[in-house]
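*Asks:* Chain by chain, the residues run as shown.
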Amino acid sequence: MRSVAEIVFAAGVPHAPAIVGLFDKATPEQQKVVRDTYASLSAELRKAKPDLIIVFANDHMTNSRVLAYPDFLIGMAAEHRGPHEWFKPWIGCRDYAVKGSPAAAEALFRGMTRRDVRMFGSRAPLNFDDNVSVPSVLLDLDKLGVPLVPVLQNCTVPPIPDQHRCYEIGRKLGDLVRNDLPAGQRVALIGSGGLSHEPGGARYMFIDEAFDRWFIELCVEADHERMLKELTIERMEAAGSGGTAELLSWVVVMGAIGERRGHSYGYAICSDFRCGIGAVSWKLAA
Amino acid sequence: MGLEKFDPTLAGHDLVQDLKWNPALRAEFKADEKAVLDRYALRPDERRAIEARDFKTLYALGFHPYLGGQLSRFIYGNDAGGGALVANKKLIASLTGER
Chain A
0 MRSVAEIVFA AGVPHAPAIV GLFDKATPEQ QKVVRDTYAS LSAELRKAKP
50 DLIIVFANDH MTNSRVLAYP DFLIGMAAEH RGPHEWFKPW IGCRDYAVKG
100 SPAAAEALFR GMTRRDVRMF GSRAPLNFDD NVSVPSVLLD LDKLGVPLVP
150 VLQNCTVPPI PDQHRCYEIG RKLGDLVRND LPAGQRVALI GSGGLSHEPG
200 GARYMFIDEA FDRWFIELCV EADHERMLKE LTIERMEAAG SGGTAELLSW
250 VVVMGAIGER RGHSYGYAIC SDFRCGIGAV SWKLAA
Chain B
0 MGLEKFDPTL AGHDLVQDLK WNPALRAEFK ADEKAVLDRY ALRPDERRAI
50 EARDFKTLYA LGFHPYLGGQ LSRFIYGNDA GGGALVANKK LIASLTGER
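In order, the protein sequence lines correspond to chains A and B.
Sequential numbering of the first sequence, starting at 0, is according to numbering that gives the first Met the number 0.
Sequential numbering of the second sequence, starting at 0, is according to numbering that gives the first Met the number 0.
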C-alpha cells in the first residue's frame, strides 16, 4: 500500500441532459461519440480501482437561493439520490442511488478550511439535476459500489470564482488528497460540465464549435499557464453565457493533478443537445 | 444578453426556486397563478413581465437567464421531448422578438 493517498483517475465530462433525454434525436455518428466516450471513461474508471470518487459540478441553483449562494457546497450525506423529482422528465434518466462518504466529505471540508478555502457543507441530501445525475447514470456509478462526494460549484451566479481561483482550489485539493486522506486511498476526480451552451439565454440553441475544439485541445496540451491566461470568464461567456463557465469544474481537476497531457474522446455537435459534447481524461503517473 | 444585468434581489428568483422545490406550489401556480404571484414581493414591472411571458423585459430587469429558462418550463412544459421544447421556443421567441 502506498504511504499516501493518490489521485488515480481524473476526467472532465459533459452532463448535458439532452444526451440522455434527447439521445434519439442525434445522428448515429453523434450518438456514437456520446456512447463511446462514456463507455471508455467507464472502463478507465473501473481499471483505476478508485475507492473514493469526488465530483465537482455546477449547482445550477438547484440547492440554494440566489441571496445566499455558496461557491462550493459539499454533499456530506451517507447516500446521494437523484435526479431530483422536478428534473426527472426533463433529463429522462433512470433513478439512481450512490453511497456517500460522510468521513471523506468531512475531511474535504476540514482540509479546505485549513487551507483557507471557504466551502459549505450539507449533511442533508442535496438535490441533483443533470450535474451529477448524467455522469452517475452514464458511468453507472451506482453499480460501482464506490462512495461519492459531490461538490456543487457556483459556475453561474455572479460573481463566480474565476479560472485562477478554481485552479488554486484544485491545487489545494491535490495537496489535501496527498496529505489528509488515509494512506493508500485511491481517489477519482471528475469535473462535470460544458462544453459551450447558453441555458435560458437568447442563444439557447447556439453551440460554439470553435471554442469547444480549442478548449479540448487546451486540456490535451497540458500548458496550464496558457490555459489560465486564455480561459477567461469573458471568453467562456462569449461562448455561451451562464453555461460554458461550467468548464471551471474541469479547471479544479486540472489544478489538482498539475500539468498532465490529456486524451480527448472526440467531439459531437448536435443542436438538439443544446451543448457541445466532449470529454477529456488526463494521464496520471503510474 | 448575458449576466451583465443580473440583479440578485429580484423576488422572482425565489418564486422559481420555490416552484422547483415544492410540487404543491407548482400545482397551485398552474391552477391560480395570480394567487401565487401575490405572495412574492415582485416589483410591478417584474410581475407584469412574468404575467405577459415577456422574458426579454424580465432579463432586462436583471432576472437570471438560467432561472428564466426554468420559469418557461413551469409555464409551457418540462418533459424533454415535448413541453420543454415548446418552452425553449417560446423563451427564445420572446428574447429575440421573433414571435
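Derived by calculation from the structure, the hints in this document are not laboratory data.
Here the structure is a predicted model, which is why all the values come from computation and not from measurement.
A virtual CB, placed ideally from N, CA and C, is assigned to each residue, including glycine.
It is possible that part of the hints are untrue.
What the hints assert, rightly or not - Under 8 Å between C-beta atoms, here's a sample of chain A residues computed to sit facing chain B:
| hint | residue |
| --- | --- |
| 1 | Val-65 |
| 2 | Ile-90 |
| 3 | Met-226 |
Stated by the list, open to error - These stretches of chain B come out as covered by chain A in the derived footprint (C-beta under 8 Å, 3 or more residues):
| hint | stretch |
| --- | --- |
| 4 | 13-23 |
| 5 | 57-65 |
| 6 | 85-95 |
*Asks:* Are the hints correct? Go through all of them and say.
*Replies:* Consistency of the hints with the structure:
1. Val-65: Given a least distance of 4 Å, the restraint on Val-65 (chain A) holds.
2. Ile-90: holds (7 Å)
3. Met-226: violated (22 Å)
4. 13-23: holds (count 5)
5. 57-65: holds (count 3)
6. 85-95: holds (count 5)
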